[in-house]
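Asker: Here are the chains, one letter per residue:
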Amino acid sequence: SQKIEQNSEALNIQEGKTATLTCNYTNYSPAYLQWYRQDPGRGPVFLLLIRENEKEKRKERLKVTFDTTLKQSLFHITASQPADSATYLCALDGAGTGANNLFFGTGTRLTVIP
Amino acid sequence: DAGVIQSPRHEVTEMGQEVTLRCKPISGHDYLFWYRQTMMRGLELLIYFNNNVPIDDSGMPEDRFSAKMPNASFSTLKIQPSEPRDSAVYFCASSLSPGETQYFGPGTRLLVL
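Here the protein sequences come in this chain order: A and B. The first sequence begins at 1 in our numbering and counts up by one. The second sequence begins at 115 in our numbering and counts up by one.
One thing to keep in mind: the hints can contain errors.
Unchecked claim - Now the stretches of chain A that chain B is said to cover, found in silico as 3 or more residues with beta-carbon under 8 Å:
| # | segment |
| --- | --- |
| 1 | 13-23 |
| 2 | 42-49 |
| 3 | 55-64 |
Claimed, not checked - Computed far set for chain A versus chain B, every beta-carbon distance over 12 Å:
| # | residue |
| --- | --- |
| 4 | Gln6 |
| 5 | Gln38 |
| 6 | Ala83 |
| 7 | Thr87 |
| 8 | Asp93 |
| 9 | Gly94 |
If you're looking for bench data, these hints aren't it; they were derived computationally from the structure. Backbone N, C-alpha and C define an ideal beta-carbon position, used for all residues, glycine too.
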């Protein structure tokens, strides 16, 4: 069956360190993968999109990698700050599934400790 | 643009009552999505529309749920009759194409007693 797994429900790190979040998927062949941030009481907000032919993408302190062989994406936040504390969701497009929408992981709740 | 607008933000109702959630997508977005989010199941797609036409409603849990999009700027999700297990946060999102970036509303937190 199709599955999207994010490394852990919660991740705590010290301010200034690099946070690394993992998104693994099975039985999908996405053309691209997205990362969203969700704060308590709010809807998810788009952060980055990476396509299957891109190995890495950066935006300010954020970096995303996409390995279609391993079926994995890594999401890095460098020089983390308490304001980065939130839940981060990965999402795949439905290419190859017959579905034309996004499929979301359950998210990882990141807490950056001052 | 004001972004995706949802109302109400919070809804508390009793089991058996009808609940109607409302959504206004971003102007110019042809796709509108309804999601349900719970701690146990995460973000689940219920239904999505393209140009006001329902395309995939396979995520709608049962006949008690229905959704409409009478025009490009308005959609409703109705639950009748509501049950306690329907308690969740319901999000509406819109996009220019179905698999690319989606813009979410603030959600409606529904509690069915």
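Asker: State for each hint whether it applies.
Answerer: How the hints compare with the structure:
1. 13-23: It is violated: at least three residues are needed, and the segment 13-23 of chain A offers just 0 whose Cβ sits closer than 8 Å to chain B.
2. 42-49: holds (count 6)
3. 55-64: violated (count 0)
4. Gln6: violated, 9 Å
5. Gln38: violated, 8 Å
6. Ala83: holds, 19 Å
7. Thr87: Incorrect as stated: the minimum Cβ-Cβ distance to chain B is 10 Å, not above 12 Å.
8. Asp93: Its Cβ does come within 12 Å of chain B, the nearest being 3 Å, so this is violated.
9. Gly94: Per Cβ check, glycine 94 of chain A is inside 12 Å of chain B; nearest 6 Å; violated.
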